[in-house]
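A.B. asks: Each chain sits in its own coordinate frame; assemble them with the hints.
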Amino acid sequence: MRSRFMSRRRGRRLVRTPRSTLPIRRLSRGRWFLVCALVALILGGQAIAVVRSEEYWPFSPYPMYAELQLERQWTSIRLVAVTNDGRELSLDAAWLRKSMARIARRQDAPFALRQALASYVKKYGWRRPGDARGSANRLKALRCYEQRWTIRPDAANAAAPDETKLLAEIRRGENGGIDGL
Amino acid sequence: MMRLLVAVSRFFFAPADATELGLCRLLFFAGLLASRLPARAQDWGRVPERFYRPVGLFDWLNLPVLRADALRAMEVAWWFALLFAAAGFFTRASTVAALLLGAYLLGLPNNFGKVGHGDQLTVLIMLILALSRCGDAVSIDALLARRSTPASPAPPARSPARSGEYRWPVRTVWVLMAAIFCSAGTTKLLRVGPAWVTSDSFAITLQQAHYGLNRPPTNFGLRVAQVPWLCHVIAGGSLLLELAFPLALLGRRPRAIIVPAALAMQLGIGLMMGIWFTPFLFGHLFFVPWKHIGSAAGPRCLGPGRRFSVLRQAHAGSH
Numbered sequence: 025m026r027s028r029f030m031s032r033r034r035g036r037r038l039v040r041t042p043r044s045t046l047p048i049r050r051l052s053r054g055r056w057f058l059v060c061a062l063v064a065l066i067l068g069g070q071a072i073a074v075v076r077s078e079e080y081w082p083f084s085p086y087p088m089y090a091e092l093q094l095e096r097q098w099t100s101i102r103l104v105a106v107t108n109d110g111r112e113l114s115l116d117a118a119w120l121r122k123s124m125a126r127i128a129r130r131q132d133a134p135f136a137l138r139q140a141l142a143s144y145v146k147k148y149g150w151r152r153p154g155d156a157r158g159s160a161n162r163l164k165a166l167r168c169y170e171q172r173w174t175i176r177p178d179a180a181n182a183a184a185p186d187e188t189k190l191l192a193e194i195r196r197g198e199n200g201g202i203d204g205l
Numbered sequence: 003m004m005r006l007l008v009a010v011s012r013f014f015f016a017p018a019d020a021t022e023l024g025l026c027r028l029l030f031f032a033g034l035l036a037s038r039l040p041a042r043a044q045d046w047g048r049v050p051e052r053f054y055r056p057v058g059l060f061d062w063l064n065l066p067v068l069r070a071d072a073l074r075a076m077e078v079a080w081w082f083a084l085l086f087a088a089a090g091f092f093t094r095a096s097t098v099a100a101l102l103l104g105a106y107l108l109g110l111p112n113n114f115g116k117v118g119h120g121d122q123l124t125v126l127i128m129l130i131l132a133l134s135r136c137g138d139a140v141s142i143d144a145l146l147a148r149r150s151t152p153a154s155p156a157p158p159a160r161s162p163a164r165s166g167e168y169r170w171p172v173r174t175v176w177v178l179m180a181a182i183f184c185s186a187g188t189t190k191l192l193r194v195g196p197a198w199v200t201s202d203s204f205a206i207t208l209q210q211a212h213y214g215l216n217r218p219p220t221n222f223g224l225r226v227a228q229v230p231w232l233c234h235v236i237a238g239g240s241l242l243l244e245l246a247f248p249l250a251l252l253g254r255r256p257r258a259i260i261v262p263a264a265l266a267m268q269l270g271i272g273l274m275m276g277i278w279f280t281p282f283l284f285g286h287l288f289f290v291p292w293k294h295i296g297s298a299a300g301p302r303c304l305g306p307g308r309r310f311s312v313l314r315q316a317h318a319g320s321h
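Protein chains in written order, with the numbering used here: chain A, 25 to 205; chain B, 3 to 321.
By construction, these hints were calculated from the structure, which means they are not laboratory data.
Quick caveat: nothing in here was measured; it's all calculated off a predicted structure.
A couple of the hints might just be wrong.
[To be verified] Computed Cβ-Cβ distance ranges for the label pairs, DEER-style: (1) B:Leu146 x A:Lys122: 47 to 53 Å; (2) B:Asp71 x A:Lys122: 55 to 61 Å; (3) A:Pro47 x B:Ala75: 40 to 46 Å; (4) B:Leu65 x A:Pro47: 24 to 30 Å; (5) B:Val78 x A:Lys164: 25 to 31 Å; (6) B:Leu192 x A:Ala160: 49 to 55 Å; (7) A:Ser77 x B:Gly270: 56 to 62 Å.
[Unchecked claim] Sample of chain B residues lacking proximity to chain A, with all beta carbon distances greater than 10 Å (derived): (8) Met3; (9) Leu6; (10) Leu35; (11) Ser37; (12) Val49; (13) Pro66; (14) Arg69; (15) Ala72; (16) Ala105; (17) Gly109; (18) Ala186; (19) Val194; (20) Ile236; (21) Leu242; (22) Trp278.
Every residue gets a Cβ at the ideal spot worked out from N, C-alpha and C, and that includes glycine.
This is chain B alone, in the form it adopts within the complex (with noise of 0.2 Å):
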């Protein structure tokens, strides 16, 4: 039981440098900004009020519909905290304004009778990352802080001492998004059960696709759905990923098999259902090693000796 705690406790805390986090935070705010663009918040504000059933948190908090230019003028608002949090400015407060604003934008269009599966994830990565520290590398606040410190014989050093606050929110990400995955097969078990697999089910579902509002872009789908076995091992495949998610809680190896091939399965299912999952893309982020890559990378891309020289100016503090 102590060595799991112990073990536990190392795969939150164990110190990390600050600029993975600081990585992951620009490329977040900047993914979803512009995944965001242009405005669509306000067409909510004039949809009648009949069709209104607050769902989870809007029912909880008993939260109103607001009126268009309300909603608009929020929505501006959020493209603001989005693009000072991906900045790095005002990281905390910024932070916090995404995900109030981010919450009530992403989550108003759930409660009209549908309730989409994606904007969830979105949400909770904002609460983690308001959350922690994640502004105090990679970040105009770090820069200017830097350049507030006062002289001092010592040089100022490039980065802030390596912590577990640096490491919590990614780690706590992943457990995030294997949360999600884990559930969605429980989910598929609980009502279905093994003939989720071994019935036609996944066939027609693959056939259905072509009949519903956002048709597929290729018809891989309905080629795949007239070869029954290869629907079984796909359909058997796909859950087997799913249950099996946290395992790339466990190490890097079953992390780089795992986490690709659900990148691989959502692709697949938009390209054979027509259903993207994008906001998840935001998920995979944070299982990106990026320092490795910019270390990999660097020497071809910089020049020897230029690794991460961009990441250096804007304080990243490669070592």
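If we strip away everything but chain A, and leave its shape as in the complex, we get (with noise of 0.2 Å):
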């Protein structure tokens, strides 16, 4: 069977090629309509999540990178917990940095922070991640640090950085609770 979708371009001339002996079923109407309305939600929606900057999950502008970096400064927030023997332990994790961070730009942003540590807290208990529950208190407090860098083209300095601000800490009471909350 041949048809104009069968045609293939060899040099100048046109030569049309049997691609299948197969035979060919045609879409319904309403089957046609529901792709159109499937491409047009797909592009629809890309163009308001681009058009209006927002996410529209699972819709986004993809704005990865769309943004003028000229200081040569980089700033991370950190959350940490305190074992009873007094070393820290990084609780890292990109949407936990990324929600301290937009919790650290409030005006309310010390209180909010203990506020935050605390329902961590409240969650996981006094233990470290990994911890079985029901084991005991390993964790004497927790601390959220902003760490300031300048950004070196060799980046030798990213295991140092230039400045650490301790911007909330919460502490376990005698009874296991939270001291002063």
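C.D. replies: If you want it as structure tokens, here you go:
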């Protein structure tokens, strides 16, 4: 069976080549409209996300790196857990850093950050990530730091921030609660 | 105008074999299943509610965060749905289940302050496949359907009739990929403008990556950042590639350049910045002319006369 869809250009000459001996089944009108609606949804959703510059999951303007970086400074928010023997364990996750950074920009940042740390303790207790539920309290405090680096071309100072500022801290009370809250 | 409509209609609905779509379905769902092991969803059920900030679908539908054990059960159910969808077993039901469960499980991590930019593509591809007839070939359903066909004097067809049904899903994934890349380029232009290419921003971004949470696996980005003209060329090339991606829809030649270049760009981002756009591999799958590769590799791999023999056994029906 031949059709115009099976035409193939070779050089300057149009040669019709049969691609298949299978019969052809046409789409129903309903299916045709369904596909058109789907394509319109995809293109429309993307267009609105880009024009309004907002996330409408699963549509997105895909704003990765769409910002002008001219300052050779890097600032990061870190959440750390302090163990009973005084060591600091990083509780790093991209979403946690972003969430804490958003809270740190609020007017009531000191209070809101302490509330966020408290909600962490209420959910997980004074335990390290991975510790079994019901295990002994192994943490005595949670801290939120803001760290600043001056960016160097070789990034040799990546492990040692220029400045570390304590934004918020909560401590374990004697009864296992939270001091001062 | 009429010619444009005909061209668009031909792009989406020209008759095609079911094999290519069946192969894409198999590879997509199998790849997605492999990439989602081991379990990870249950952790989100333990995150304090204070951090929950629903976006998009979760906001509109007012979807809650389920408990950890419910999320665990959902994830296991999703794995089975993905497995069934890959094998083409109860394809319609399994692809719909994979979509519904996957949309929730893949979307959930985006509701805690950081929106990722990979899983949206995966969910939309699942939507396309759930609405398609992707189980008509390279599937257990097709095998069972052939076996259950009552005996007739004519030999049973190896493959379903060619139809636009088997072209539009693949082409819609192409359109989706083009829309995503073009969106990324347009957003850079709208938010920053030409300065994204002409300033030091790109070089500084490469250096910043070494101070972040996901450190790059190589120092390649730091070396590039020290050569200003190279940074401008790469930034300009990347922006141009993103904006020009829709040209890949216009023909085989632009597609042969643009799609591998986009893949190389994402590989470069991974090596220089430590950010891997793994879900985009699933989108690139749909650009690969699997049947042509099978035909070309067949004689060497399988011997003369045995091209696609494996696929034929699984009801590919290559001709």
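A.B. asks: Could you work out which of the previously given hints the structure breaks and list their numbers from low to high?
C.D. replies: 2, 4, 5, 7, 12, 16, 17, 18, 19
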